[in-house]
Amino acid sequence: MALLLAAIVWGLALYTGYYLYNDSYWMPTAISDAARQIDSQLVLTMAVTGVAFFAAQFLLGWFILKYRDRGQAKALYQHGDNRIEIGGMIIVTVVFVAVAFAGQKVWAQVHLTTSPPNAVHVEITAEQFVWNVRYPGPDGAFGKTDPKFYEKIGNTVGVDPSDAAGKDDLTVINNLAVPVNTPVELTLRSKDVIHSFFMPNLRIKQDAVPGMAIPLRFTANKVGDYEVVCAELCGLTHYRMFAFLKVLEPADYQAWLQERAAEVTQ
Amino acid sequence: MSVATQQKPPAHGHAPPEGFLWKYVFSKDHKVIGIQYYFLALVSVFMGMGMSLLIRLQLAYPDRMWPLLGKIFPKGMADGVLSPEFYLSMVTMHGTMMVFFVLTTAPQGGFGNYILPIQIGARDMAFPTLNMLSFWTTFAGFCALVAAFFVQGGAPLGGWTGYAPLSALGEIAGPGQGMGLNLWILSIALFCLASLLGALNFLATTLAMRAEGMSLMRMPLTVWAWFTTAVLSLLAFPVLLGGGVLLLMDRIGGTSFFVPSGLVVAGQPIDHHGGSVILWQHLFWFFGHPEVYIAIIPGMGAVSTILSTFARKPVFGYKAMVLAIFAIGGLGFFVWGHHMFISGMSPYTAVAFSLLTLTIGVPSAVKTFNWLGTLWGAKIRFTTPMLFALGFVSLFVTGGLTGIFLGQTSIDLWFHDTYFVVGHFHMIMGVAAIFGIFAATYFWFPKMFGRLMNEGLGKIHFMLTFIGVYAIFVPMHALGLAGHPRRYYDSSTYEYLRSANSLHMVITWAAFFTAAAQLLFLVNFFWSLWKGKRAGDNPWEATTLEWSIPSPPPFDNFGALEPVVHHGPFEFSVPGAAKDFVMQTDPPSAATGKH
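Sequences listed follow chains A and B, in order. 223 is the number that our numbering gives to position 223 of the first sequence; each next residue is one higher, with no gaps. Heads up: take any position in the second sequence, counting from 1, add 1000, and you land on our numbering.
Pulled out of the complex, with its shape left as it was, chain A reads as follows:
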């Protein structure tokens, strides 16, 4: 029984290792520096917890095997050892808190910095089950919005028709295009319930919360088409609420915006 049980404990530890350290299941390509930093923080945490995991499971199996009932008269009569206890606590505290500190830098980069002046501003307004993506247009400024101006088709984000800054605003659905290697500042809003804007290749996820405008920063460094999904249960067809992230060369980005603007005015 002891041998069987120890073998199962070790076998299951290896099974766990197989799935967690098998990179064929890992994250899709990272397309920003921040994403790569998040990945390396993840790998650091994998390494630290991996040591603790395999050590604990190995010891468990080994003790099961070693300290089975072999007909000895009595077990060891022992109530503990405070020195080992306190020593272990100090090590664990230092390691865990160090790991936690290490991860805060990239968090600050995504959430606590201000965007540089050349940043591209885009606003996303979520609703069941669509992402409305608004670009400020050539003037670089968003028009004011108000829910009373919402239209089902056309002015879906409720731009105030009397605001001059809003005249050239461009709203498209489910397509977020950004220029490569350029800082982007997203502002997330929601019209109805909580949604969560999840860009897997950027490792960024942020709730879009009704009543709030939440800023988010990233700089994509690889041209391509990427998927964006909704990560917060928002109703019946939550699982089909998605968008495309198009990372384009700056010239292609301008062309893309002009094409979309032309479509709208048609």
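I should point out that these hints are in silico values taken from the structure, not numbers from a laboratory. Please note that a few of the clues may not be correct.
[What the hints assert, rightly or not] Subject to a maximum C-alpha distance of 25 Å in a straight line, what follows is the list of computed BS3-like cross-link-like pairs (lysine-lysine): (1) B:K1533 x A:K66; (2) B:K1579 x B:K1533; (3) A:K167 x A:K148; (4) B:K1579 x A:K66; (5) A:K246 x A:K222; (6) A:K167 x A:K144; (7) B:K1023 x B:K1531; (8) A:K74 x A:K152; (9) A:K152 x A:K167; (10) B:K1579 x A:K74; (11) A:K74 x B:K1319; (12) B:K1459 x B:K1533.
[As the list claims (entries may be wrong)] For the chain B half of the interface with chain A, some residues (derived, Cβ under 10 Å), not all of them: (13) L1157; (14) Y1163; (15) A1173; (16) G1174; (17) M1179; (18) L1234; (19) V1277; (20) R1312; (21) S1343; (22) V1351; (23) A1365.
It should be emphasised that the depicted structure is a prediction, and the values quoted were computed from it without experimental measurement. Positions of the beta carbon are idealized from the N, C-alpha and C atoms, including for glycine.
Please arrange chain B on chain A, whose structure you already have, making use of the hints.
For chain B alone, coordinates are given in the frame of chain A:
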């Protein structure tokens, strides 16, 4: 009858009841109430498991038709196709059923009620009538939850967390947002009320009704665990109760606690002003995080006791274990924000919550370390309860360490609301806690019913379940690494999730395998009730007070005797003692190193 010959009335507060109704239904006996809670959890766990199997079917075979199931669920699976409404309501009801009516009900309401008074040498709980009311209020909550399936508009489908404003808007926000959701809130509110009453009882009983000699530091770790859990319940459930009332007011009373101005839902402007969406999450998780510990701390207590008993060794670091339980429970109230890193809460606050969260790793590591220390130099008897306790330690390590990922703000940007979270909390508050319940069941079944469960069947049940739960929940972490969002009816359209389908198949097959293995438990349980081997008073050669009285115990537990405690709770293998265990009630002359 003269006054002089009158017998001194027993110390017991109430006489044994007569008649079926008062003896078995509206009983005030903590033992009957404990068994009632346990059976409620047993019914709930199989319902919850059934729902999880339907969820798993859909995820592994999103395009398959199930005509036979279509006949059983004519609405949710018309023509054998599992609808998205039905899928999401299964997700919601599975979570609610399991968290409240299994993981909170069995360890605390069930075993806590039955065992705690006996372990401290009391004849009953401090407030037997309140105890009876707690159970029946819980039962009313259970009925309200089940009723949510059958009302117009269907069962709720917003997840067990019921995030506002989706949950606050009513039918306009889609199917499942009508009467079913009101009943869901009612169910949780009743549950909160019942748990609050129960917690008061546990606290009063532990503090006021201990037998002579049962000092605090002689209490078994199970008693410390139930006591700490009661403190957590007392502080956490009222907050959810309040939140639930406010949510219900928003839905039916026209208030705006959780709904801000300017919402337009399905093209309709919503007439609410000034509410805060995130407020619900703060209230919910202020309860929700301690709830994780409410589910698992009793398991920690039972596992400590069981490991010590079958290792034939004192618990390693008893005082450290008591402090660690308190530290985990206490810190548990300061970390709820780690569920909300991406909620729109201030990113600075998130940093504070993140650092606090990782400190919970410290007392958790102390527990693990001391469980291993208890095995060091042991003489292990591999009984079924011991197997489940050892399995608990393995699962606790696995499920605990994945928390180190999720507690970090930066990594949470990737893992939040993915299957990594689902895998993590199922590993720790799901199966580790369930292993605690199984260990406790096999351990105390002989005390509760006077007969032992079958050891052979029990061991096979353990092996299959232990392998099964790893097979289910480890691949879920891999899904999370791939970035698979949770609560998706179908993920097959996404290019970046193309590796997911094979994982979903593995998980689903493992789930059916594990569920089938639970039939062994059911057979063993009911067969042993009638046909199991007679247990005797102390079949495990254990030390705590419940093993000093008959199995099952008489109505007033200790009969005419007042138990007096002379020893610490885990005196095994004491040098010089005649046997390898010294019971707490053994005479003081029995040799022991600790008093």
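Practice task
Grab the minimum C-beta distance from B:R1312 to chain A and call the hint holds if it beats 10 Å, violated otherwise.
Solution key: holds (4 Å)
Exercise for the section: Sort out whether B:K1531 lies within 25 Å of B:K1023, counting only the CA atoms. Expected result: Since the Cα atoms of B:K1023 and B:K1531 sit roughly 23 Å apart, the hinted pair holds (cutoff 25 Å).
Problem - Hint consistency between B:K1533 and A:K66 [alpha-carbon to alpha-carbon, up to 25 Å] - result: violated (31 Å)
Problem - Restraint satisfaction for B:G1174 [CB to CB of chain A, less than 10 Å] - result: Nearest chain A Cβ about 4 Å off; hint holds.
Handout entry: chain A contact restraint on B:V1277 - CB to CB distance below 10 Å
Key = holds (5 Å)
Handout entry: Restraint status (C-alpha distance of A:K74 to A:K152 at most 25 Å)
Key = The hint is violated at about 79 Å.
Exercise for the section: Identify whether the interface hint at B:S1343 stands, where standing means a beta carbon of chain A within less than 10 Å of its own. Expected result: holds (5 Å)
Handout entry: Straight-line alpha-carbon gap A:K152 to A:K167, limit 25 Å
Key = holds (18 Å)
Handout entry: Pairwise hint evaluation, A:K66 against B:K1579, where the allowed Cα distance is 25 Å at most
Key = holds (23 Å)
Handout entry: Residue hint B:Y1163, partner chain A, criterion CB-CB below 10 Å
Key = Cβ of B:Y1163 sits 6 Å from chain A, so the hint holds.
Problem - Cut-off 10 Å, beta-carbon criterion: hint that B:V1351 touches chain A - result: Hint on B:V1351: holds, closest Cβ of chain A at ~6 Å, below 10 Å.
Practice task
Would you mind confirming whether the straight-line C-alpha gap from A:K246 to A:K222 stays at or under 25 Å?
Solution key: holds (10 Å)
In terms of the numbered hints stated before, the structure departs from hints 1, 8, 17, 18, listed from lowest to highest.
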